[in-house]
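If you read the protein sequences in the order shown, they are chains A and B.
When you line the first sequence up against numbering that gives the first Met the number 0, it's residues 0 to 548, in that order.
When you line the second sequence up against numbering that gives the first Met the number 0, it's residues 0 to 138, in that order.
These are calculated hints, taken from the structure and not from any lab test.
Hints are supplied without guarantee of correctness; some may be wrong.
[Said to hold, decoys possible] If you only want the chain A side, here are some residues facing chain B, beta carbon under 7 Å, derived:
#1 E126
#2 G199
#3 K507
[Claimed, not checked] Incomplete in silico selection of chain B near chain A, CB under 8 Å:
#4 I38
#5 E47
#6 A51
Glycine residues also receive a C-beta, built at the ideal position from the N, C-alpha and C atoms.
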Amino acid sequence: MSKDVRITEWEEKELAKSISRFPERKDTFKNHGNEEIPRISFPENIDDSYVEDLGFPGRYPFTRGVQPTMYRGRLWTMRQYAGFSTAVETNNRFRYLLDQGTTGLSIAFDLPTQIGYDSDDSMSAGEVGKVGVAIDSLADMEVLFEGIPLDKISTSMTINAPAAVLLAMYIALGEKQGVSADKLKGTIQNDVLKEYVARGTYIFPPKPSLRIITDIFQYCSQNMPSFNTISISGYHIREAGSTAVEEIAFTLANACTYVQSAIDAGLEIDTFAKRLAFFFNASSNILEEVAKFRAARRLWARIMKDKFGAKNPASQMMRFHTQTAGNTLTAQQVDNNIVRVTIQALSAVLGGTQSLHTNSKDEALGLPTEDSVRTALRTQQIIAHESGAADTIDPLAGSYYIEALTDKIEKQAVELMEEVEKEGGVVAAIEKGFIQRQIESSAYEYQTEIESKERIIVGVNQFKVDEELKPPVLKIDPAVEDNQVKGLKKLRENRNNEKVAETLAALKDAADGDGNLMPPILAAVREYATLGEICNVLRGIFGEYRYRG
Amino acid sequence: MTDKKIKNRVLVAKPGLDGHDRGAKIIARALRDNEFEVIYTGIRQSPEEIVATAIQEDVAVIGLSSLSGAHLRLFPAVVEELKKEGAQDIRVLGGGIIPEDDIEVLLNAGIEAVFTPGAPLSDIIDAFSKACDDFYGRS
Numbered sequence: 000m001s002k003d004v005r006i007t008e009w010e011e012k013e014l015a016k017s018i019s020r021f022p023e024r025k026d027t028f029k030n031h032g033n034e035e036i037p038r039i040s041f042p043e044n045i046d047d048s049y050v051e052d053l054g055f056p057g058r059y060p061f062t063r064g065v066q067p068t069m070y071r072g073r074l075w076t077m078r079q080y081a082g083f084s085t086a087v088e089t090n091n092r093f094r095y096l097l098d099q100g101t102t103g104l105s106i107a108f109d110l111p112t113q114i115g116y117d118s119d120d121s122m123s124a125g126e127v128g129k130v131g132v133a134i135d136s137l138a139d140m141e142v143l144f145e146g147i148p149l150d151k152i153s154t155s156m157t158i159n160a161p162a163a164v165l166l167a168m169y170i171a172l173g174e175k176q177g178v179s180a181d182k183l184k185g186t187i188q189n190d191v192l193k194e195y196v197a198r199g200t201y202i203f204p205p206k207p208s209l210r211i212i213t214d215i216f217q218y219c220s221q222n223m224p225s226f227n228t229i230s231i232s233g234y235h236i237r238e239a240g241s242t243a244v245e246e247i248a249f250t251l252a253n254a255c256t257y258v259q260s261a262i263d264a265g266l267e268i269d270t271f272a273k274r275l276a277f278f279f280n281a282s283s284n285i286l287e288e289v290a291k292f293r294a295a296r297r298l299w300a301r302i303m304k305d306k307f308g309a310k311n312p313a314s315q316m317m318r319f320h321t322q323t324a325g326n327t328l329t330a331q332q333v334d335n336n337i338v339r340v341t342i343q344a345l346s347a348v349l350g351g352t353q354s355l356h357t358n359s360k361d362e363a364l365g366l367p368t369e370d371s372v373r374t375a376l377r378t379q380q381i382i383a384h385e386s387g388a389a390d391t392i393d394p395l396a397g398s399y400y401i402e403a404l405t406d407k408i409e410k411q412a413v414e415l416m417e418e419v420e421k422e423g424g425v426v427a428a429i430e431k432g433f434i435q436r437q438i439e440s441s442a443y444e445y446q447t448e449i450e451s452k453e454r455i456i457v458g459v460n461q462f463k464v465d466e467e468l469k470p471p472v473l474k475i476d477p478a479v480e481d482n483q484v485k486g487l488k489k490l491r492e493n494r495n496n497e498k499v500a501e502t503l504a505a506l507k508d509a510a511d512g513d514g515n516l517m518p519p520i521l522a523a524v525r526e527y528a529t530l531g532e533i534c535n536v537l538r539g540i541f542g543e544y545r546y547r548g
Numbered sequence: 000m001t002d003k004k005i006k007n008r009v010l011v012a013k014p015g016l017d018g019h020d021r022g023a024k025i026i027a028r029a030l031r032d033n034e035f036e037v038i039y040t041g042i043r044q045s046p047e048e049i050v051a052t053a054i055q056e057d058v059a060v061i062g063l064s065s066l067s068g069a070h071l072r073l074f075p076a077v078v079e080e081l082k083k084e085g086a087q088d089i090r091v092l093g094g095g096i097i098p099e100d101d102i103e104v105l106l107n108a109g110i111e112a113v114f115t116p117g118a119p120l121s122d123i124i125d126a127f128s129k130a131c132d133d134f135y136g137r138s
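Just need the whole structure built from these sequences, with the hints factored in.
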């Protein structure tokens with residue numbers, strides 16, 4: 000049978016172009032029996048509905064993946080989220096991870112940093128350096144990236160409400176290293192809407208938060224073409240207890256809100272949309288997760304094209320990071336968690352993720368040790384190099400179950416997004432508690448299923464053993480907080496405080512007006528104004544969000 | 000049987016900056032389903048705010064939840080604040096991601112019981128019931 004003309008057309012266009020720029024990893028991919036593994040498999044008959052719903056990788060609606068060669072061209076980025084204690088300690092862990100073969104950095108900040116408090120703020124007591132690294136000023140960033148050239152790596156920063164400040168610090172750090180902003184690669188999470196419903200590190204009310212986010216979109220579209228300006232996250236919504244459908248629906252509803260507010264601010268869709276990135280959760284129901292990733296990709300492409308009129312294919316394609324589901328890790332029989340993480344990571348790869356973090360087995364007990372972090376990374380490397388899952392594109396396509404589930408998840412997500420619209424949109428739905436209640440109900444239902452043993456969690460409500468010595472976990476020395484506070488005090492004595500005051504005053508004026516906030520924030524961080532000082536200026540103008548649930 | 004008519008009144012609280020409140024909300028709801036009167040503080044509460052709410056709401060037990068590793072600082076701070084306010088008869092329970100070594104430290108600091116991931120809801124509810132019985136002087 001001759002090849003369908005539409006396949007040939009895709010091969011000659013997208014595929015040929017991609018291969019000429021980035022050759023595949025191997026000349027031929029073969030199994031142990033020396034038989035060639037096909038790049039991609041198609042149904043015998045390519046009809047219109049196939050083209051409309053599944054199509055070709057690297058082409059609208061991107062159901063089968065965002066790149067024409069997917070992992071045959073380049074493996075996903077193995078990006079392990081890390082950060083704890085001080086910048087010195089985290090710098091060591093970063094260098095260790097790079098030595099072990101991670102291909103991108105991902106910074107975990109401590110909670111004071113994430114909520115815009117300096118380490119010496121009374122609100123920070125007990126939290127400094129705990130869930131991530133403490134960053135008070137550019138001086139800490141300089142230590143964090145000691146010996147790591149910014150033009151050689153990409154860096155993801157899990158930072159939301161103060162994202163503009165950390166981005167400015169990263170730019171200023173690049174300047175010091177001689178790397179200009181347009182060369183910087185990475186991602187800021189910058190997704191405040193989900194903080195109101197799931198993760199809790201909000202500072203300002205929704206309206207000024209959306210303004211800051213839009214300012215970042217605008218600034219980066221002009222100055223940082225390779226930087227992802229936002230990572231719109233379903234991960235934490237799922238961790239908070241949502242279903243797979245709710246994860247997709249609420250994330251895409253948030254995404255639409257960001258896009259609309261950028262358009263309302265006068266930005267042209269195709270100037271900023273290609274730098275929007277996403278972040279999803281990979282939970283244990285492997286087939287549902289694969290369908291979820293495929294449905295999300297297709298739905299986003301359709302929304303961008305039909306609702307927002309995006310013309311550039313790069314604006315329509317959903318690129319996403321995935322992390323395995325922390326909430327599924329058990330404190331009981333912790334070795335079992337390695338198996339859970341493997342299943343979850345495989346679902347992300349079969350679903351076409353662009354980058355992946357695999358959790359460590361001991362994270363239900365505390366911070367992961369270096370050994371368990373290595374096993375987590377090895378899990379990805381085994382999937383990449385031994386499982387064969389990376390050798391052929393979208394291998395589960397055409398499964399009756401997967402395709403039916405992909406359709407169903409997309410349909411249910413659309414319906415739920417319509418409900419959010421009926422509530423008056425995302426911001427109104429958050430303020431009324433609509434989204435929070437949905438997530439809470441799903442979380443409660445899941446827990447009651449575990450209690451009643453309708454849902455079996457191995458080692459928790461069945462197949463239990465008399466434990467079992469708990470393995471060691473990483474401890475943060477309480478002295479970290481004191482040392483960080485001392486360092487901050489020294490910084491305040493040694494910097495040019497007049498310049499700091501000047502730049503903070505200029506920031507206040509900008510916040511009061513409607514100019515872009517990035518330039519004045521950048522000017523302030525260059526003078527070593529602290530994160531807390533900058534956020535306090537903005538708190539003074541924008542106020543703080545309080546949920547009255 | 001008459002003392003059973005006093006309804007168990009408890010506070011579920013999130014000390015510190017941690018925003019992970021899935022567990023706290025599930026426990027609040029499970030307690031309500033088991034005939035407790037439950038007040039949930041919401042996130043980002045200081046030990047002082049938690050104790051002030053506990054006294055004002057006249058609760059028998061405070062259940063603290065933290066997943067950010069700040070428990071060694073924040074849980075004992077609640078116990079201390081209760082003493083300072085002369086409300087040390089209010090019982091304190093704790094839960095979250097708490098390494099095994101830390102559990103004994105917390106128990107010695109006056110936290111009555113500590114629950115970690117995977118603890119059955121029924122055990123947690125029992126602990127709240129028992130702490131309420133102690134507080135209300137029921138045997």
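Task: In rising order, the numbers of the hints this structure does not comply with - done: Of the numbered hints given earlier, those the structure breaks are 3, 4, 5, 6, listed in rising order.
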